[in-house]
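Those protein sequences? They're chains V and P, same order as listed. Numbers 17 to 334, taken from my numbering, label the letters of the first sequence in order. Numbers 388 to 802, taken from my numbering, label the letters of the second sequence in order.
Hints were generated in silico from the structure; no laboratory data involved. Even for Gly, the Cβ is constructed at its ideal location relative to N, Cα and C. It is possible that some hints are incorrect.
[Unchecked claim] Listed below are the simulated DSS-like cross-link pairs for lysine-lysine, each with C-alpha atoms no more than 27 Å apart in a straight line:
(1) K759/P - K78/V
(2) K685/P - K86/V
(3) K78/V - K685/P
[To be verified] To spell it out: a stretch of chain V is covered by chain P in this simulated footprint if at least three of its residues, at any positions, have a beta carbon under 8 Å from a beta carbon of chain P; those stretches are:
(4) 280–293
(5) 304–312
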Amino acid sequence: MLRYIGFEEARLLAISSFAYGGLLFLLSSGFSLIFGLMRIPNLMHGSFFMLGAYFGVSMLEKGLTTDALKAIPKIGGAFNFLPSFTILPPNFFLIAIISGLLVAGIGALVERYLLRRLNGQELPQVLLTLGLSFVIADLCLMIWTGDPWQPATPAELRGVVQFGTLFFPLYRVAIIGIAVVIAVALWLMVDWTRLGAMIRAGVDDPQIARVCGIKVSQLFTLVFALGAGLAAFGGVVGAPYLSVYPGLDADMLPLALIVVILGGTGSLLGALVGSFLIGLLYNFGQAMVPDLSYVILFLPMLLVLVLRPQGLFGRSIP
Amino acid sequence: MTMHRRKVLKGIAGAGVGLAALKAPYVWAQDAPFKIGLLTVKTGPLAQGGIQMEQGIATFLKQKQNTLGGRKIEFISADTGGNAAGAKTKAQELIEREKVNVVLGPLAAAELLAITDYVRDNQTPLISLGAAEDVTQRNANPFVIRASSTSGQCTHVLGDYAFKELKFKRAATVAEDWAFGYEQMAGFQRTFEEAGGKVVKKLWAPLNTPDFTPYIAQLANVDCVANGFAGSNPVKFMRAYADLGAKARFPLLAGWTAMDDALLRSLGDEAVGVVSAHWYSSSFDTPSNKQFVADMRKDYNVLPGGYSAGMYIAGQCVEAAIKLVGGKSVDGKTFADALHKVTLDDTPRGKFSLDRFGNVVGTVFVRKCERKDGQLVNTVVKTYPDVSQFWTYDEKAFLANPVYARDYPPAKNLE
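Isolated chain V (complex conformation) (with noise of 0.2 Å):
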């Protein structure tokens, strides 16, 4: 049964496709290169997409002072020896970023110390990726307890923004401005720079790289730190509108997977137009054929499995 809708809604629908679009490029972009290039099927990226956005609630919540260092359950203990003062003004942005830092280098540790051991093993990666997607929605439970955590609009990006007689939600504006900054510094990264061609050559042939000077190992660490952050960084950004809650890592996985089974592994373009294409068909889906709503975003992905396994803009995996 299909719902007609008329112009005020489609707009307000693509508006928020986008910014939905933009929220699953910044998860599902490191978990494409996280893929593609390392062969990787990491399973705790919604976990660092949850993670961020706790660390994100909680230093906006409190500030980013010794004081709420001091206040962390159970371990706060340890940053006692510190006198009281502001480390950092609670600005959004500052702060989504600091959160994709911190979770980078947790990434960063995780592949280290636990994912290098498993080189090329998948199985014990999946088991690995999802064993600690566990233990790290369990500790959140622990340390942020079960109440959903919503921080407020950021103050500068509440309310609408007006073009003509035309509304606009000003923080989904935002998004979209902000996926598409990112997009493009990473496709610029990986595809112009002495750093991505290092990366490229790393995943082509890892021993000649290797021969070549090209410290291989340390450049898939930092891949894997950069995805952890990216997702931890979408994280605080989409914290506004999606919230914070338990599960919410469990919500977020599938649609990265979604997103890079679209789009196509290792493939930036592809996990920018399959976010795009993900948040179009989920809203105007949803308001348009709301009977097959909890079906709607697997279609796509069920066609493209079946007609071009390698997704719309991926290589073929040798």
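Fit chain P to the supplied structure of chain V, relying on the hints for placement.
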């Protein structure tokens, strides 16, 4: 946690015996502690309410120094994960291995539906928080009482209030796509339309909807929107509702889980002005409520809401029933009968009694969310005393209809 695990191991060792004795109604050993088992949710999206349930009963037991009506209490908590299969497994664990005397919980209507026949077959009394209507209606279970409310009990009031006091004529409803959502919105629709209003749109969102924009974008040309969300969804929904500018156009009404007092600390300005109907108010002035709120603040630093109050009152019911049977060890049927006879003069929700189906008859509060001294509060604007699950309807006529569902009562005014 660790103690519980050890008990589980012991239970596994004795499981053979437990299964053999399963079907026979057994008589509890004298002097043994009275065992209360709690089915709650400590993981997943419903964990917030589940953790509060445990805090509520823990507060009550602490106040009573773990002794109710002269019986020492042993308390065992089990995490169902918030789904029907988990509820069934954990109910079996509590009843067959732990041999609890009474089960408190579970949280969700779907979980309750999964275990209602099981507790009847095993003759174990249960005090529910889950709201599934028929467990105290057409399929009334003599082993179940409900100290919280049915799904429709509060939304009946909400629909009536929305038309008669707020003068809304056209409403849309939005809730999760599951039993609790259907039943709540059916209750709202029934009283709202019978008073003279029209429900012109009913929307159902999947339980794990990441973004509510597609639903909010469909709202147009209504005077108000009633929502029946639960868990962490109301937080997401209300923020999107405000961000998309819908709040300024369509005043928002809410069922009890969507504006529970315990949820207020997760909400911001988007909640101001929302009118809700709830069977509990943390500001209600009874001696036991004052004590309850103070203790919850002291021990957990939270403002209690329905989840913890429901289990606190369940504890009071257990105490009263133990007193009714004279503190003796009795079989499950006798204890269930005693539970059905419980009346209480002072509970956090006021005077408390049960109808003949075991469902509570009590006060329902209509509240409006306001910001006072920087804090969000649900200020009570009207109280409806002695509201039963049948609202003002005749019990017989009410039960002759089908149970509330996604398409019952039929929505004739959809546009």
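Going through the hints against the structure:
no.: 1; hint: K759/P - K78/V; in the structure: holds, 21 Å
no.: 2; hint: K685/P - K86/V; in the structure: holds, 21 Å
no.: 3; hint: K78/V - K685/P; in the structure: holds, 21 Å
no.: 4; hint: 280–293; in the structure: violated (count 0)
no.: 5; hint: 304–312; in the structure: holds (count 3)
In summary, the one numbered hint that this structure violates is 4.
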